[in-house]
Amino acid sequence: MGECESLGACHLKTLRLTPNFHLGEEPAKGSTEASDRFYDMLIGAHRTLSEPQSHAFNARLILILANHIGDLEVLREALQAAGESQAAER
Amino acid sequence: MLKTYRYPKFAYDTPHELRRDAQALIASTARVAEGPPPYPVVIVGAGPVGMSCAIDLQQQGIAALLIDEDDTVSIGSRGVCYAKRTLEILDRLGVGEQVGRKGVSWHVGRTFFREHEIYRFNLLPEPGHERPAMINLQQYYLEEYLQQRCAEAGVQMRWKQRADSVEVHADHVVLHIRSPEGPYALKAAWLVVADGARSPIRRQMGLEVEGRVFSDRFLIADVVMKADFPAERWFWFDPPFHPNQSVLLHRQADQVWRIDFQLGWDADPEEEKKPEKVIPRIRAMLGEERAFELEWVSVYTFQCRRMPRLVHGRVVFAGDAAHQVSPFGARGANSGIQDAENLAWKLARVIHGYSPPQLLESYDQERGAAADENILNSTRSTDFITPKSPISRMFRNATLDLARHFSFAQRMVNSGRLSIPTHYVDSPLNTADQAGEHFQTVLQPGSPIPDAPLRRNGEPLWLLRVLRQSFALLVAAETAASRHTPKASSALAALANWAAASRVQLLLISPVAPASVSQVSAEKGLCPSVEILSGAGHHAAGEIPSGANPCCEGATSSDAVAGYPPEVYLDTEGLVRERFDLHPGTAYLLRPDQHIAARFRQPEPRVLTEALQRSCGWVSVRVSEHAT
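Chains A and B, in that order, give the protein sequences.
Oh and the first sequence: position 48 is 48 in our numbering, straight run, nothing missing.
Take any residue in the second sequence, count from 1 to its spot, add 90: that is its number in our numbering.
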């Protein structure tokens, strides 16, 4: 698939699209616990917000995460991946 | 009336308490509340949980009395998916073969979003397990098999008798029962309440259940059809044939297919159950040309909630009576049967007098933790499947869009996290790993052990099948090179002596014999010459508050010695070594429910005895005695 297996091999040179949520240092192989917990945190963060507040929240969150990633090549790939997976949109 | 199934009818018999001779006896010996408790355990509710518990107790030498207000099995298919761990328990209870034969085994799940399949998962790619990840079977079949097994095992079953109320006393309960011939009362030392989500006994006792009610309705339709769809779980988010809602399709036995339609909160349950409403929904899904017959229809809502405490003195709650989950993930019946297994060995020990009543506190802790885990997982699934706000729906749909392309998002799609057994990592029965000892495995003290293939005398066997619902010590034999050293032999002899004296089953796991050594001689070479010490339980003398023989099964010297001769098994595929991270000499102490009590790289009788006593509920008793 060309997706990097070890973190050392790719080290943020390319966008990672394989499972990467983890609780400790190592991504838990095959477990959904970490990604489920993140999803829960994300939806929970929006629970008390109005819709305009939610959109503004999302915008701030994207900017924070983008700065954390920093690497423009990775961010360019992320923008592209988000655009490409729009197909099923109604 | 179903087309594919005939409900059995279980006969009502006049209960002992209402027979004329017994009544005369009761009248002559004053009130029923006096005198010794006549029944060690009464179980209310003959569903999968109550019957599993009754069989398990009976297999461990405790007479169980089962009471149910009905006289047949589950009406409708209800619980459908039985997970691997449950099947392993059912094997031990003696109905696993029937369930396996009749049920439909599956391991592939397919997920659709609108018009597209977005991904599929495979539940058990790992070989070396006897049982599959999941079997689908209508609940009435499971109950029928369990009822037959109850009868065979000698469980006393009373049908058409409703437990109206319970009086709780310090060392017994009095149960007031309504039968077709009138009311009567009976006394029981212990009461197991497995009377379902609405639990009349829980209500009568005024006990709370805490958690969330979800404002949604689902329609279940069982249809009979000849279809060549494979035995897979198909889940649709927002399909064209049922827009904005979810749909789940499962294959069951007898060419019966189970379809769950999400309806939304506004749906009228009575209206939705009518065939003229149901049939067009199914036709939209299956296409105009497919012939099918409607077998059974129901509309349900659900809660995710539990009782704060599962044990109330002599009354113990199990299954849906104690905790309820959403159906996504098949965590209802599976966790209930796991409750029953956790409870049965503890209750049996307490009634036999081998463990103090405080052992049941660990049932509350362990199965409470399991309930929390199941509620958490099924709540998350419900939040994903039925988003509660526009922004939540937007993230859900974004995840589904990304899942068509990227594996990270596939893992985030949550159409139900299927039932897996809880690792009791915080259990008071566990002994922590010794300082400096490391195990490269997902297993921890408190974990359920995985299955693995073995061989003995040339015969292929499964690890979980050779365990005999008692405590067991699984020991990794020395490798061929070190086997005959005097040190290794004497260490093994000490373990064999300990196991024999403690009435613990001893399993020696041997690496595959080298090509130059025949299997038989390899097995012989592993049997040490063991001098059996006389006097079971000598190690515990003076350490235990009451009784000289705390952990052992009350055996007398004339009984067969449990740990000797050691049973030697060849680890034919090396999977026991791999899954347990065995080194030569490593020992795992296993509980009767096949969970890990303790493990040691360098086991010796003193630490094993401590671990065994802790796992039997004795150690925490001592701690609390010092505290008070």
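One should not assume that every hint holds.
The following label-pair restraints were derived from C-beta to C-beta distances [unchecked claim]:
1. A/Gln53 x B/Gln530: 57 to 65 Å
2. A/Ser50 x B/Lys99: 23 to 31 Å
3. B/Arg302 x A/Ser31: 38 to 46 Å
Listed below are several chain A residues computed to face chain B (Cβ distance under 10 Å; list not exhaustive) [unchecked claim]:
4. His55
5. Arg60
6. Ile69
7. Asp71
8. Glu73
9. Ser85
Derived from the structure by calculation, the hints contain no laboratory data.
Computed from a prediction, not measured in an experiment: that's the story for all the values here.
All C-beta atoms in this analysis are idealised placements derived from N, C-alpha and C, irrespective of residue type, glycine included.
Broken hints, numbered, in rising order?
Numbers 1, 2, 3, 5, 6, 7, 8 - these are the hints that the structure violates, sorted from lowest upward.
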